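Top to bottom, those sequences are chains A and B. Sequential numbering of the first sequence, starting at 196, is according to our numbering. Sequential numbering of the second sequence, starting at 196, is according to our numbering.
Check before you lean on any hint, since a few could be wrong.
One copy or two, either will do: identical chains are not told apart, so a pair holds if it fits within one copy or between any two.
[Said to hold, decoys possible] Here are the simulated lysine to aspartate or glutamate pairs, EDC-like style, with alpha carbons at most 16 angstroms apart: (1) Lys357 to Glu339; (2) Lys368 to Glu339; (3) Lys304 to Glu352; (4) Lys227 to Asp281; (5) Lys209 to Glu352; (6) Lys395 to Asp365; (7) Lys204 to Asp215.
Bear in mind the hints are in silico, worked out from the structure with no lab data behind them. Fair warning: this is a prediction, and the values are worked out from it, not measured in the lab.
Number of protein chains: 2
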Amino acid sequence: MSKEAGRNKIKRHKDRGHYDELTINQILDDGKICHVGFTVDQQPFVIPMAYARQGHSLILHGAPNSRLLNQLANGIPACVTVTHLDGLVLARSTFHHSLNFRSVVAFGKARAIELLDEKHAALIAITEHLAPGRTAVARAATDEEAMATSVVLFEIEEASAKIRTGPPIDSPKDMALDVWAGVIPTSIQEHAPLAAPDLKPGITYE
Amino acid sequence: MSKEAGRNKIKRHKDRGHYDELTINQILDDGKICHVGFTVDQQPFVIPMAYARQGHSLILHGAPNSRLLNQLANGIPACVTVTHLDGLVLARSTFHHSLNFRSVVAFGKARAIELLDEKHAALIAITEHLAPGRTAVARAATDEEAMATSVVLFEIEEASAKIRTGPPIDSPKDMALDVWAGVIPTSIQEHAPLAAPDLKPGITYE
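Hey, can you work out the whole structure from these sequences and the hints?
This is the structure we're talking about:
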């Protein structure tokens, strides 16, 4: 899946490009939302979606009449990108300001998952990816619920990761400037749980 | 820019769709990274980029020989999406698990910014968007630096926002289950600044 080929080749900042599966999978597994790109009548669309990785594929799901999923299930070429913002890079010169990030750009095609067992497994994978441990406590999907969901498997043909880490890289001539330089690290923070207003009394979040 | 037309019409969960400029601009202004979609030889690409909003346009920049920017500058149809993850929505049933999010999907075309003054202003806007206040302290870009950067203006023709907020919505029959339900709010957290290892002594972050 991760071999360097044509469309996934990193051309700018080659030192930031990665093609190994471990790196790519880690970035995919660290995200909750991917951006799915596809083209209809020459018009590109980029739609945010929840997902889960399963081997060399990503599971996507939605309503049965979703335009996006129906198009994808036709097997049109697609591109799925996952990006994490890791920091604001503040340089001594405005020109060298940057962002620390990790991203994966994956190319491939999708197919509909129709078999009920495969669908249930895919839906469990998505829920577990979004909220690990929840399928052990929440009521499992019924066959009717699974049938009322479109699920597609996006099979990754080629992918590449791009990573920027570390401090700003200023020009030697700017090193003596009296300007603070460094990184403001950023991450997605999970805050204290907010119980649903209609939560049955006596149930606490674990 | 934000009128409901064809390609930007929200079809699923219409109640979550928004077309007003204030809502759209707020979501665009809250992000640091956008996902830029375009198509070359039938192949869709989705590339993460820094950006800044300027009126009804988004400024994008990169290296002069960037494949992405060169394609965009040709005026091909593009789609730029900005998404914020606001929470994990934990329902009593796996089926009703969801994500709270805000996203904008914008359609339009880009043109190269060639005029040096316009380019300087665009680069300042991007730096200020990424790190507000920095252009007042960091060394300004020289003409040479501006000329060594490709800058494009993506002009938004149509856009829509989609927002999910609030608690899970479970089926009435599941309300009695002994399962915690609610939201784990999420946000991007900025952590303590990390000074560059080669920072000139005596300069502190303000």
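_Hint numbers contradicted by this structure_ = Of the numbered hints, 1 and 5 do not hold.
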